[in-house]
Amino acid sequence: MKVLADLNKCMGYGNCVATAPNIYQLDSNGKVKVIKPTIKSPDDIALAQAAIRNCPTSALSISEDKS
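Mapping of the sequence shown onto the working numbering: position 51 corresponds to residue 51, and the numbering continues sequentially without gaps.
Bear in mind the hints are in silico, worked out from the structure with no lab data behind them.
Treat the numbers as computed from the prediction; the structure is a model and nothing was measured.
Virtual Cβ for every residue (Gly too), placed ideally from N, Cα, C.
Warning: the hint list may mix true and false statements.
[Claimed, not checked] With a Cα cut of at most 25 Å, we get these calculated SDA-like pairs of lysine to any residue:
id : residue 1 : residue 2
1  : K66       : N29
2  : K40       : P21
3  : K9        : Q25
4  : K66       : D6
5  : K36       : D6
6  : K66       : G30
7  : K2        : A46
8  : K31       : N15
9  : K2        : K31
10 : K33       : K66
11 : K9        : S63
12 : K9        : P37
13 : K31       : V17
14 : K33       : N54
15 : K33       : S61
16 : K2        : T57
17 : K9        : D27
18 : K40       : T19
19 : K31       : Q49
20 : K36       : A5
21 : K40       : N29
22 : K31       : L7
23 : K31       : A18
24 : K66       : A18
[Claimed, not checked] Each pair of labels, with its calculated beta carbon distance range:
id : residue 1 : residue 2 : range
25 : K66       : P42       : 30 to 38 Å
26 : I45       : Q25       : 27 to 35 Å
27 : Q25       : Q49       : 15 to 23 Å
28 : N8        : P42       : 27 to 35 Å
Generate the whole structure from the sequences, applying the supplied hints.
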């Protein structure tokens, strides 16, 4: 699975970092930064999905990795 973040939607609330700090961080501008862009384990997928649900601006998503 590929982890995606829309920086135009991100407002820097940090819910993603609180939910999945091994996948997301905030950069120096306070915007989401994906630090683990490809996830495979069920635990990481569950955390990414929880972060997606917890994002108040809907800036996060995951998709099938077609590579």
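Hint-by-hint comparison with the structure:
no.: 1; hint: K66 / N29; result: violated (30 Å)
no.: 2; hint: K40 / P21; result: holds (16 Å)
no.: 3; hint: K9 / Q25; result: holds (16 Å)
no.: 4; hint: K66 / D6; result: holds (19 Å)
no.: 5; hint: K36 / D6; result: holds (15 Å)
no.: 6; hint: K66 / G30; result: violated (30 Å)
no.: 7; hint: K2 / A46; result: holds (13 Å)
no.: 8; hint: K31 / N15; result: holds (11 Å)
no.: 9; hint: K2 / K31; result: holds (19 Å)
no.: 10; hint: K33 / K66; result: holds (21 Å)
no.: 11; hint: K9 / S63; result: holds (18 Å)
no.: 12; hint: K9 / P37; result: holds (18 Å)
no.: 13; hint: K31 / V17; result: holds (11 Å)
no.: 14; hint: K33 / N54; result: holds (16 Å)
no.: 15; hint: K33 / S61; result: holds (13 Å)
no.: 16; hint: K2 / T57; result: holds (19 Å)
no.: 17; hint: K9 / D27; result: holds (15 Å)
no.: 18; hint: K40 / T19; result: holds (17 Å)
no.: 19; hint: K31 / Q49; result: holds (19 Å)
no.: 20; hint: K36 / A5; result: holds (11 Å)
no.: 21; hint: K40 / N29; result: violated (28 Å)
no.: 22; hint: K31 / L7; result: holds (7 Å)
no.: 23; hint: K31 / A18; result: holds (14 Å)
no.: 24; hint: K66 / A18; result: violated (28 Å)
no.: 25; hint: K66 / P42: 30 to 38 Å; result: violated (20 Å)
no.: 26; hint: I45 / Q25: 27 to 35 Å; result: violated (19 Å)
no.: 27; hint: Q25 / Q49: 15 to 23 Å; result: holds (18 Å)
no.: 28; hint: N8 / P42: 27 to 35 Å; result: holds (30 Å)
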